[in-house]
Amino acid sequence: MTETPSYEEAREELIDVVRRLETGGITLEESLTLWERGEHLAGVCQTWLDGARQRLDAVMEPESE
Amino acid sequence: MALETSLEKPAPVRQVATAIDGWIARLGTVWVEGQVAQLSRRPGINTVFLTLRDSVADISVPVTCSRTLIDSLNPPLVEGASVVMQAKPTYYANRGTLSLQARDIRMVGLGELLARLERRRQLLAAEGLFDAALKRPLPFLPRRVGIVTAPSSAAERDVLENARRRWPGVDFAVAHATMQGPRAAGEVMEALARLDADESVDVIVVARGGGSVEDLLPFSDEGLIRAVAKARTPVVSAIGHEPDQPLLDLVADVRASTPTDAAKLVVPDVAAEAQGVASAQQRLRQMMLGLVAREQTGLEALRSRPVLADPRTLVAERHNEVALLRERARRTIGHALDRAADDIDHHRARARALSPLATLERGYAVLQDHAGHVVTSVGGLAAGATVSVRVADGRVHADITSTTSLTDQETTP
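In order, the protein sequence lines correspond to chains A and B.
Take any residue in the first sequence, note its place counting from 1, add 54, and you have its number in our numbering.
Take any residue in the second sequence, note its place counting from 1, add 1336, and you have its number in our numbering.
One should not assume that every hint holds.
[Claimed, not checked] Computed beta-carbon distance windows for the label pairs:
#: 1; chain 1: A; residue 1: Glu-66; chain 2: B; residue 2: Pro-1475; range: 32 to 38 Å
#: 2; chain 1: A; residue 1: Asp-70; chain 2: B; residue 2: Leu-1625; range: 44 to 50 Å
#: 3; chain 1: A; residue 1: Leu-110; chain 2: B; residue 2: Ser-1536; range: 35 to 41 Å
#: 4; chain 1: B; residue 1: Ala-1509; chain 2: A; residue 2: Thr-101; range: 51 to 57 Å
#: 5; chain 1: A; residue 1: Thr-101; chain 2: B; residue 2: Ala-1607; range: 37 to 43 Å
#: 6; chain 1: A; residue 1: Glu-66; chain 2: B; residue 2: Leu-1625; range: 38 to 44 Å
#: 7; chain 1: B; residue 1: Ala-1509; chain 2: A; residue 2: Glu-66; range: 56 to 62 Å
#: 8; chain 1: B; residue 1: Leu-1690; chain 2: A; residue 2: Leu-82; range: 54 to 60 Å
[As the list claims (entries may be wrong)] Simulated coverage check for chain B against chain A, where a stretch passes if three residues somewhere in it have a Cβ under 8 Å from a Cβ of chain A:
#: 9; region: 1618 to 1625
#: 10; region: 1630 to 1643
In case anyone wonders, no lab produced these hints; they're calculated from the structure.
No residue lacks a Cβ here, since even glycine has one placed at the ideal position from N, Cα and C.
The following block holds chain A by itself, in its conformation from the complex:
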């Protein structure tokens, strides 16, 4: 887990976390750990998307000026 997962890995795991949280049947402690993991994964996904958007903007903005 030290390595940042790829966007797809993070998204797949995030979907899994949400599914498990919604299904229930786990301990409170487990659900809190899962939720924290979910928040982290959502942050990773957002970072990837922001990075992609920045790279697109970096190419397109100088031309539109």
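Starting from the structure of chain A, add chain B where the hints point.
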């Protein structure tokens, strides 16, 4: 009939010349085919001197011919013409030269020419010179375009102008050559070799603005065809569009119908290409933007799910659960206490019903000794002992004065 000579017995020149003449004379007359490379009529001399050149190899032989024979030819014999002649190899002893003495000269006619071209085509095709596998693709953007054409010809102008219109940055290397007549094939080969040797030339165009079958004969020259087949650089043939295509069209890597067409083939339309690239870039970017936007929407949908958006729900659910359980627990305990109280009352009533109090109220009393034991017999009781009498509403403390046993009473008073 070798001459027998030695250092001591050398043969005189006349004898050697006669021997050579004899050997050559034995060749007899032959039919020979070639191209007239040179034709010189010297005024006042009845003999015309020609040079007959092989159509492929750089080999030629002098020919002598009577002026009468030359003048009788129709069309008139000119330099570059292909001829078939009947001639006798002759040795001129007085000058030590050899020449062919022409007895009959036949111009190679148009039909004959085409038949020969066809035979040549078949031979070269059988050799594989025209194989599709040998065709090389033209470079998309050539560094330099080599052009073999006649100086200041319409063909040259057509290629240069049309190519520059499509791509202003095109670079040309023009090698001029005679594009007609007996010297054409050789000069075109030379120009081709020069351009082929230039490392920066990526494609060579051989351009000429069409012409008659005879005009285009150099472009079916076997030597030129072989040179093009061997060339390192791709060659484009642009020799006008004629029904009888010269063999150059077949051996060239690409055949253009006109010099203008050749310009289109060797140089891309840069404006159209640039537009294509720009449009592809635009589509690429739109696609990427759409992709990121779609993923963003998906991520937001995930984040807005209650379990992630408001994690307090995770605790709240359990909080409610605990409250409900507490409520249930309290209710349950209440019921249990009530039931226990009822139970106690019941037992109390039963205990009361069983107690001796009612009997005491009817006048009975219970005697207890000093230790609290119930006394049921006079045995063991002595006068002076202290006893307690339990009646309905209290106790009587008494001292025993005497005891009487009922069984004793009948025997002892």
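A quick look at each hint next to the structure:
1. Glu-66(A) with Pro-1475(B): 32 to 38 Å: violated (47 Å)
2. Asp-70(A) with Leu-1625(B): 44 to 50 Å: violated (28 Å)
3. Leu-110(A) with Ser-1536(B): 35 to 41 Å: Between Leu-110(A) and Ser-1536(B), where Cβ atoms are some 39 Å apart, the hint holds.
4. Ala-1509(B) with Thr-101(A): 51 to 57 Å: holds (56 Å)
5. Thr-101(A) with Ala-1607(B): 37 to 43 Å: 42 Å Cβ-Cβ, so the 37 to 43 Å window holds.
6. Glu-66(A) with Leu-1625(B): 38 to 44 Å: Since the Cβ atoms of Glu-66(A) and Leu-1625(B) sit about 23 Å apart, the hinted range of 38 to 44 Å is violated.
7. Ala-1509(B) with Glu-66(A): 56 to 62 Å: For Glu-66(A) against Ala-1509(B), whose Cβ atoms are near 60 Å apart, the range 56 to 62 Å holds.
8. Leu-1690(B) with Leu-82(A): 54 to 60 Å: holds (56 Å)
9. 1618 to 1625: holds (count 3)
10. 1630 to 1643: holds (count 8)
In summary, the structure is inconsistent with hints 1, 2, 6 from the numbered list given earlier, while agreeing with the others.
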